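Mapping of the sequence shown onto the numbering used here: position 108 corresponds to residue 127, and the numbering continues sequentially without gaps.
Do not rely on the hints blindly, as some may be mistaken.
To be verified - Each computed DSSO-like pair below joins lysine-lysine, with the alpha-carbon atoms no more than 27 Å apart:
#1 K108 <-> K203
#2 K146 <-> K81
#3 K203 <-> K81
#4 K107 <-> K176
#5 K146 <-> K108
Said to hold, decoys possible - Simulated restraints on C-beta separations:
#6 M78 <-> G177: 24 to 34 Å
#7 L84 <-> L121: 27 to 37 Å
#8 K107 <-> N77: 17 to 27 Å
#9 S99 <-> L172: 17 to 27 Å
#10 P118 <-> S181: 32 to 42 Å
#11 P118 <-> V174: 15 to 25 Å
Derived by calculation from the structure, the hints in this document are not laboratory data. Please read all numbers here as calculations on a predicted model, not as lab measurements. Beta carbons: idealized from backbone N, C-alpha and C, even for Gly.
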Amino acid sequence: MVSMAILAVTPSSKWGTPLVKVKKSIFSIPFPKWTTTPKWLPSSPLFSMEISVVYNRNMFIKLLLESLFAFLVIDLVWISQVASPWMKKAVPHLLSASPNLLAALAFYLLYLSIFLILILIPALTHKSGYSTLAFQSFIFGLAAYATYDLTNLAVMKGYPLSMALADMLWGGLVTMLTALIIYKLNI
Numbered sequence: 020m021v022s023m024a025i026l027a028v029t030p031s032s033k034w035g036t037p038l039v040k041v042k043k044s045i046f047s048i049p050f051p052k053w054t055t056t057p058k059w060l061p062s063s064p065l066f067s068m069e070i071s072v073v074y075n076r077n078m079f080i081k082l083l084l085e086s087l088f089a090f091l092v093i094d095l096v097w098i099s100q101v102a103s104p105w106m107k108k109a110v111p112h113l114l115s116a117s118p119n120l121l122a123a124l125a126f127y128l129l130y131l132s133i134f135l136i137l138i139l140i141p142a143l144t145h146k147s148g149y150s151t152l153a154f155q156s157f158i159f160g161l162a163a164y165a166t167y168d169l170t171n172l173a174v175m176k177g178y179p180l181s182m183a184l185a186d187m188l189w190g191g192l193v194t195m196l197t198a199l200i201i202y203k204l205n206i
């Protein structure tokens with residue numbers, strides 16, 4: 020049995036009835052080796068899905084710690100050299116005297132956990148290659164950071180568009196760099 024399992028969902032090249040391949044039981048629930056695709060998955064020949072249980076808890080924690088280290092090193096350079104000086108000049112009234120480190124840690128852990136589940140673990144499992152991983156991780160980071168930046172533009176008076184665009188691009192870049200580093204370390 021697997022104490023924690025992560026599902027990697029990737030398009031399958033098989034035609035006909037999609038199948039779900041389960042290698043081990045999930046959360047102490049035994050599954051048959053092959054079963055039909057759950058109703059919540061799309062089931063068309065062009066978009067069939069293959070689900071495989073990948074990575075155990077220890078591997079997930081290892082990848083999370085590696086990702087956290089790489090992401091923090093890269094992000095701290097951006098924050099200290101670009102974002103912080105820019106924000107002090109452009110929107111000083113929005114900055115706290117000291118950052119909330121618990122909230123920052125919660126963001127990094129949640130963001131990177133979701134990033135591992137949706138992007139990096141499927142890439143490692145299926146050996147998707149650097150270009151596919153670079154594209155997918157950039158889009159993931161861009162979209163995640165856009166959530167923050169576009170919300171700021173919508174609700175904050177005077178939040179600079181240039182800052183929002185730069186931060187969104189940074190989100191894509193830092194996520195992509197982290198993905199490529201961790202992929203290289205683990206293939």
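Here's how the hints hold up against the structure:
Restraint check for K108 and K203: the C-alpha separation of about 38 Å exceeds 27 Å, so the hint is violated. Taking the CA atoms of K146 and K81, the gap is about 18 Å. The hint holds against a cut of 27 Å. Between K203 and K81, the direct Cα distance comes to roughly 14 Å. Compliance with the 27 Å bound is thereby established for this hinted pair. A C-alpha spacing of about 16 Å is found between K107 and K176, which places the hinted pair at or below 27 Å, so the restraint holds.
In summary, the hint linking K146 to K108 is not supported, as the alpha carbons are separated by about 44 Å, beyond the 27 Å threshold. With their beta carbons about 45 Å apart, M78 and G177 fall outside the hinted range of 24 to 34 Å. Look at L84 against L121: about 18 Å separates their beta carbons, and that is not inside 27 to 37 Å. Under the hint 17 to 27 Å, the C-beta atoms of K107 and N77, about 42 Å apart, miss the expected range.
For S99 and L172, the hinted distance range of 17 to 27 Å is satisfied, since their beta carbons lie about 24 Å from each other. Separated by about 22 Å at the C-beta atoms, P118 and S181 break the suggested range of 32 to 42 Å. Range check, P118 to V174: about 20 Å between beta-carbon atoms, so the 15 to 25 Å window is met.
In summary, the numbered hints that this structure violates are 1, 5, 6, 7, 8, 10.
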